[in-house]
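S.K.: As you go down the protein sequences, you meet chains L and U in turn. Just so we're aligned, residue 1 is where the first sequence starts under my numbering, counting upward by one. Just so we're aligned, residue 1 is where the second sequence starts under my numbering, counting upward by one.
In case anyone wonders, no lab produced these hints; they're calculated from the structure. Bear in mind the structure is a predicted one, so any value in this text is a computation, not a measurement. Even for Gly, the Cβ is constructed at its ideal location relative to N, Cα and C. Among the clues, some could well be false.
Ranges between beta-carbon positions, derived for each pair [claimed, not checked]:
#, chain 1, residue 1, chain 2, residue 2, range
1, L, LYS114, U, GLY344, 34 to 40 Å
2, L, LYS19, U, TYR147, 26 to 32 Å
3, L, SER214, U, ALA300, 25 to 31 Å
4, L, LYS19, U, GLY154, 34 to 40 Å
5, U, LEU340, L, LYS19, 38 to 44 Å
6, U, ASN236, L, GLY107, 21 to 27 Å
7, L, GLN225, U, THR10, 53 to 59 Å
Some chain U residues near chain L, calculated using beta-carbon distances under 10 Å [claimed, not checked]:
#, residue
8, ARG13
9, GLY14
10, SER17
11, GLY257
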Amino acid sequence: MLLEIKDIHVHYGKIAALKGVSVDVDEGEIVTLIGANGAGKSTTLKTISGLRPLSAGRIVFAGRDISKVAGHKRVLMGIGQAPEGRGIFPGMTVTENLFMGAYARKGNVAKDLKEVFDLFPRLAERKDQAGGTMSGGEQQMLAIGRALMTQPKVLLLDEPSMGLAPKLIQQIFSIIEEINRRGTTVLLVEQNAQQALQIAHRAYVLETGSVVKSAEARALLDDPQVRAAYLGGGAAPAI
Amino acid sequence: MNNSSTDPLTRVRGAYSSASDSVRDRWSDAPGWARWLVYLILIVVALVLPADGIGNVMSPYTDWPTLLFFPIGGYILLAIGLNVVVGQAGLLDLGYVAFFAIGGYTMAVFGVKFGWSFWEILFAGVILSALSGIILGAPTLRLRGDYLAIVTLGFGEIVRITANNTDYIGGPNGIGGIPHPPTLTEWMIPENGFFDSLGLGGVSPFKYGALDGKPYYYLMLVLIVLAIIFVKRLENSRVGRAWASIREDEDAAELMGVPTFKFKLAAFAIGAAIGGATGVMYGSQAVSIIPTNFPFILSATILAAVVLGGSGNLPGVILGAFLVAWIPERIRGLAEYRILVFGGVLVLLMAFRPEGLLPSRRRKAELAEGTGGMGTMGAEIGGPVTVTAGEVKE
């Protein structure tokens, strides 16, 4: 296993956001966490990347317990995250944003920059524009591209489809598949379960801070309960 | 409905904005020699600034060279230091006066009680205030936004009140008889037609006495130039990029591998060191200092200077500090209406230029994005940086 999350608990003050979540991600996979608002999906990602401290449990990455490693050190170990709500640097240009992705490491940055521009030709067109002045879709591309600049072994994506037009969502998801094909493991958090389940290998369903179901993504697409709760199909009207 | 093409305020703002943009673009395209020429001209202007002819216009009510030393020079140096914390790293510090006070008291205590010379004390003051910056920062920089502002505000008050209640440093009476810096040389600017016409003939610029403010002003000028060079070099380095990323999105910065806590602490220490140097300078001229020399309102005034000038942009910050220090003295003739008019001017300037008089281009983009131009001021108690051992139950 590349990334093992073992029974983690996370609290915001006295409120438990995660009550024992366990997730495994194997090398080369796309794994997705789906669930409603407030289920703890983003908290799980933030805990993996070190932005949130955990109150119990363990996170093991490439065989090493990283539960107590500071966030900025996890980046160098190979955990790259595109934050929720396109947390790009608004005052920096596209190129400056991408260079920030290579801030902590040494080595050939130009080659990685070219690869990102390959993947997102749109970013190459706008490379001198300030990040904050771009459209939502472009900012999302920039957030993913910047995370790729950290040369991640596992790429954590937090709701990449949030607030985007359907056509753009399609585009972003096919790029995520392409990134995976090129050898990067992906852990994807999504409310758009339909899309996420179509590209993922395996999936976990989160509800109020716990994993309630885990299976092959394809199997969940046909699961009546999941269809009813998250895919807008079946008998129940819930979304 | 507000029609922007006819609204005079909008029109004036637009014209000013495009003028300052074009100056900035020209500056960034200017060749190296042109920049050095401008620097040289600025330094020459600064050198002849205390001349009587200029003073009669700028400061009809107060001794102009003394005014140039403090508040004008002092505020500028303080604003340069606070700009590192607020403008570059995006940390709201409302207790900056504490470091100024620590510098002032270092000068007083070591000068009066231990007989150290000014230069030794300047060094000690910088070290001590940087240390106090780290002591304040280490436990508090885990807080963000408003919470950090409140804690720093408290620190500023604690330092002043502690000074007020400590008999060793004179309590409310403060410390008197602080020595001036030793005279470097008795050399005198020759009294010939040229220098006399500038009003500088017969001045001893390196003799620090009780009467003439000019030598102190020149010393302050040297400190300001050194601080500008130091801060500007930092801004264009890896450290500067780390600060910019923390200011724009602290979580994202951590995700890029920036050790955010360490860099925030560094910003605090550097800002504090510059504040401390200003305090030592101030104490060496003032002869005596008391706790009420270091009120909260001074922190607020310096912050106003930074925001008014254009937080994060050094020329803007210097201009802001100059205006905030100079305007109240220039309008001294208005007697009791002075502060009212000063407040009115500040309100007008901010209505006219909410992003500051000379904002940086990057800061404009941040403002447009809605982060308020002061970094991620989101009020959140984040424990993002390190997981302390006690928090993890196995």
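S.K.: Now tell me if each hint is right for this structure.
M.R.: Status of the hints after comparison with the structure:
In this structure, LYS114(L) and GLY344(U) break the distance hint of 34 to 40 Å, their C-beta atoms being roughly 55 Å apart. Distance hint check for LYS19(L) and TYR147(U): the Cβ-Cβ separation is about 27 Å, which falls inside the suggested range of 26 to 32 Å. Taken as a hint, the range 25 to 31 Å is violated for the pair SER214(L) and ALA300(U), whose Cβ atoms sit roughly 55 Å apart. At about 36 Å, the beta-carbon gap between LYS19(L) and GLY154(U) stays in the expected band of 34 to 40 Å.
Between LEU340(U) and LYS19(L), the C-beta spacing of about 59 Å breaks the proposed range 38 to 44 Å. Separation of ASN236(U) from GLY107(L) is about 22 Å and conforms to the stated range, judged on CB atoms against 21 to 27 Å. For GLN225(L) and THR10(U), the hinted distance range of 53 to 59 Å is satisfied, since their beta carbons lie about 57 Å from each other. Because the closest C-beta pair between ARG13(U) and chain L is about 20 Å apart, greater than 10 Å, the hint is violated.
About 18 Å separates the beta-carbon of GLY14(U) from the nearest beta-carbon of chain L, more than 10 Å, and the hint is not met. Because the beta carbon of SER17(U) sits about 16 Å from the nearest beta carbon in chain L, more than 10 Å, this interface hint is broken. For GLY257(U), the suggested interface contact is upheld, since its CB lies about 3 Å from the closest CB of chain L, less than 10 Å.
Hint compliance for this structure: hints 1, 3, 5, 8, 9, 10 are broken, all remaining hints hold.
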